[in-house]
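Going down the list, the protein sequences come from chains F and W. Take the first sequence: its position 88, counted from the start at 1, is 88 in the working numbering, and no numbers get skipped. Take the second sequence: its position 133, counted from the start at 1, is 133 in the working numbering, and no numbers get skipped.
Everything labelled a hint here was simulated from the structure, so no lab data went into it. Beta carbons: idealized from backbone N, C-alpha and C, even for Gly. Hints are all accurate, no fakes.
Negatives, chain F to chain W, calculated, CB over 12 Å:
#1 H15
#2 Q33
#3 V38
#4 F47
#5 Q51
#6 E230
#7 E320
#8 P324
Straight line, CA to CA, 25 Å or less: simulated DMTMM-like cross-link-like pairs of lysine to aspartate or glutamate:
#9 F:K257 with W:E286
#10 F:K68 with W:D116
#11 F:K68 with W:D123
#12 W:K257 with F:E286
#13 F:K332 with W:E286
#14 F:K30 with W:D123
#15 F:K68 with F:E320
#16 F:K332 with F:E90
#17 F:K68 with W:D58
#18 W:K68 with W:E320
#19 W:K257 with F:E78
#20 F:K257 with W:E78
#21 F:K257 with W:E337
#22 W:K146 with F:D58
#23 W:K257 with W:E207
#24 W:K68 with F:D58
#25 W:K332 with F:E232
#26 F:K257 with F:E232
#27 W:K146 with W:E318
#28 F:K332 with F:E307
#29 W:K146 with W:D116
#30 F:K257 with W:E90
Each chain is listed here by its residues.
2 protein chains.
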Amino acid sequence: MAAQRRAENRRPSIHDVASRAGLSAATVSKVMQGVASVRPENARRVFDAVQLLGYRADPLASDLRRAKRRIVGAILPEFESEFFGCLVTELERLAEERGYALIAASSRESEARERDMLARMHDWRVAGVVLAPVRNERGPAVELMKSHGMTGVLIDRVASDEVFDTVSADSFSASAEVARVLVGAGHRHFLVIGLGEQAATVQARLEGFRREAERLAPGCRIDVVLSESEVEPLRAALRRHLDTHERPTAVYSLFLKGTLVALSEFRRRGWHCPDDVSLVGFDDAEWMQVTWPAVAAVVQPVRAMAEEAMAALFNRIEGEDGAPVARLEPCKVMMRESVGPPSRGPHRGGGDRQDAPLAEH
Amino acid sequence: MAAQRRAENRRPSIHDVASRAGLSAATVSKVMQGVASVRPENARRVFDAVQLLGYRADPLASDLRRAKRRIVGAILPEFESEFFGCLVTELERLAEERGYALIAASSRESEARERDMLARMHDWRVAGVVLAPVRNERGPAVELMKSHGMTGVLIDRVASDEVFDTVSADSFSASAEVARVLVGAGHRHFLVIGLGEQAATVQARLEGFRREAERLAPGCRIDVVLSESEVEPLRAALRRHLDTHERPTAVYSLFLKGTLVALSEFRRRGWHCPDDVSLVGFDDAEWMQVTWPAVAAVVQPVRAMAEEAMAALFNRIEGEDGAPVARLEPCKVMMRESVGPPSRGPHRGGGDRQDAPLAEH
DNA sequence: CAACTCCGGGAAATCGATTTACGCTGACTG
DNA sequence: CAGTCAGCGTAAATCGATTTCCCGGAGTTG
Chain F
1 MAAQRRAENR RPSIHDVASR AGLSAATVSK VMQGVASVRP ENARRVFDAV QLLGYRADPL
61 ASDLRRAKRR IVGAILPEFE SEFFGCLVTE LERLAEERGY ALIAASSRES EARERDMLAR
121 MHDWRVAGVV LAPVRNERGP AVELMKSHGM TGVLIDRVAS DEVFDTVSAD SFSASAEVAR
181 VLVGAGHRHF LVIGLGEQAA TVQARLEGFR REAERLAPGC RIDVVLSESE VEPLRAALRR
241 HLDTHERPTA VYSLFLKGTL VALSEFRRRG WHCPDDVSLV GFDDAEWMQV TWPAVAAVVQ
301 PVRAMAEEAM AALFNRIEGE DGAPVARLEP CKVMMRESVG PPSRGPHRGG GDRQDAPLAE
361 H
Chain W
1 MAAQRRAENR RPSIHDVASR AGLSAATVSK VMQGVASVRP ENARRVFDAV QLLGYRADPL
61 ASDLRRAKRR IVGAILPEFE SEFFGCLVTE LERLAEERGY ALIAASSRES EARERDMLAR
121 MHDWRVAGVV LAPVRNERGP AVELMKSHGM TGVLIDRVAS DEVFDTVSAD SFSASAEVAR
181 VLVGAGHRHF LVIGLGEQAA TVQARLEGFR REAERLAPGC RIDVVLSESE VEPLRAALRR
241 HLDTHERPTA VYSLFLKGTL VALSEFRRRG WHCPDDVSLV GFDDAEWMQV TWPAVAAVVQ
301 PVRAMAEEAM AALFNRIEGE DGAPVARLEP CKVMMRESVG PPSRGPHRGG GDRQDAPLAE
361 H
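Input sequences plus hints: build the corresponding full structure.
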């Protein structure tokens, strides 16, 4: 029978192994789990049969029976950026280390999709979820997690929560550090840009900067351009602001996309960094150190965040039920060429310039 | 009984729905599958019960029973880059569209891991796999796929295969186009850099460039610096080459990482683009159009590749068994500021410069 | 009216593991 | 020497669906 099945090109099941070893499936299962109460001799026969048949347990079948499934989910706003790309890689690694499979899904910056993906994770009966919410800890997906009694950890765009552990970068301190450096370089007129809906994070980043700047340089000017949640409105708002206001001497972008927008707007106006304006961005990327100017940035502790999140998640999965912990991981501020002393006199560079490619094929 | 279970906070199963609707589990299953032979009235009762209990089928359980599991796997070399980030997002979307779950895994540029991940996919009995091999179509993972009789599609770093469909960017034509543009701009001395082990792709990219350049400008000089597979050796090799050879007027990097390496090496030497040297990279990234210089790049058709790959995969899953097809998707070449006419006279810019950040916190 | 289709629905087998509950064997004990 | 107990295995239940029969009744037909 077992031979026949193998002949049919089906994968060997635990029963094939059992009959091959002359034992029962239950015993084979025990051997595979490393249960002690099996005679060494029989264990050997099982191992031999496993070897011979190339048996590997079907995770679907075993997880179906098991109380806790060995699957964890991760829902991130996107996969395209270095930050989330690294994050998912780390999460995958950490899950694997513990013998869990990671199911990753992208919410594509949509709260509706975030909810759907979460429901799907619930369908899969995952043991736990790492959720990086699109907006903050008060989104519909988090509600769903609570109402379903799921176990999970919130990460990145969150401050704290009364049910789930949270892990995020210490945006507040990092932004204060940015303020310290910029004020130290002589700047007194700042422009902060960001996307507004991600309330928790944006508040921390903005306030951290504002407080420290005002503490160190009372009376300094801090303009703020926040847009709701899309990039294009931010670009438009920034353009409008720059058209109608005095040029700041330093720009602090609270998000990676904002840094790109700022750079492209500088380029459109022919402003050079750091001669015409200094720039610091929250969130680092590989290219930022190889371009001219190298772009100063706040480096988020991706690995640490991933590790803390997974540690917390597995603690909860294993039954730990203390009060939720809100963790803040320290960032590094990398100062690079895009920051210099404020420019004096009229700004260099030509007038408006289109950023169209020279040629497109 | 059903009520009790629900009280225990377990998710409703198909039996709960069945008893609630006063029907059998078999009928409920049929209704959920949309089988016609159920009386409309009973179908309604099932729907009502489903609604009431918030029932959703457990994908593990249903896939366990079903012949073909509704899961497809994707194994990519990494998640950190825009290219693979976009790719995995698209693949996820396309899988979802067909009601399949996508399990994505990163091989982290290691063929050993690639093999392990593939074995894991096999354990999951996925219906099919999209594999972007670390090296090319002759790696151990592909062997494993063949020996297990798995269905799959190879993507990105492949030329063609006698068993699996392949989908990749038309590197050859794109590179020829790059040669055309650079020769047209007056360049006659090129340096091509890349990572050598990815034989198929690197050959196509290199040959496409070389042939067209030599056709248009016979006698032009084409230096080549290839490194085995790691980035750091490439950096070292490039540095050595630039130390000991005449400066080329244009550099063509065959990979994104190579473009970053080239830029950082330019910066170390104080070379400016495009005044001192022109640069074109294979593989585009968002930042390339907002920096100075904007970096010219070959844009890979990520969406098209994902779509073709998934279309091919599902064809195979559905039983199509014609000869394998090797698909090439056309690229776009985006010329930007990093390309200009070759420099005349001694090069501008200072001597060697360290790329250390101005300050680190 | 008997025989024959349909038709709708349910009982039971199945997928491939885990886990529980129990039975057998042999050694030890009083 | 009967009784207990520990050690090992296995049969059977279970997880939550799908799918394959098969059955009973309604409708048709000769």
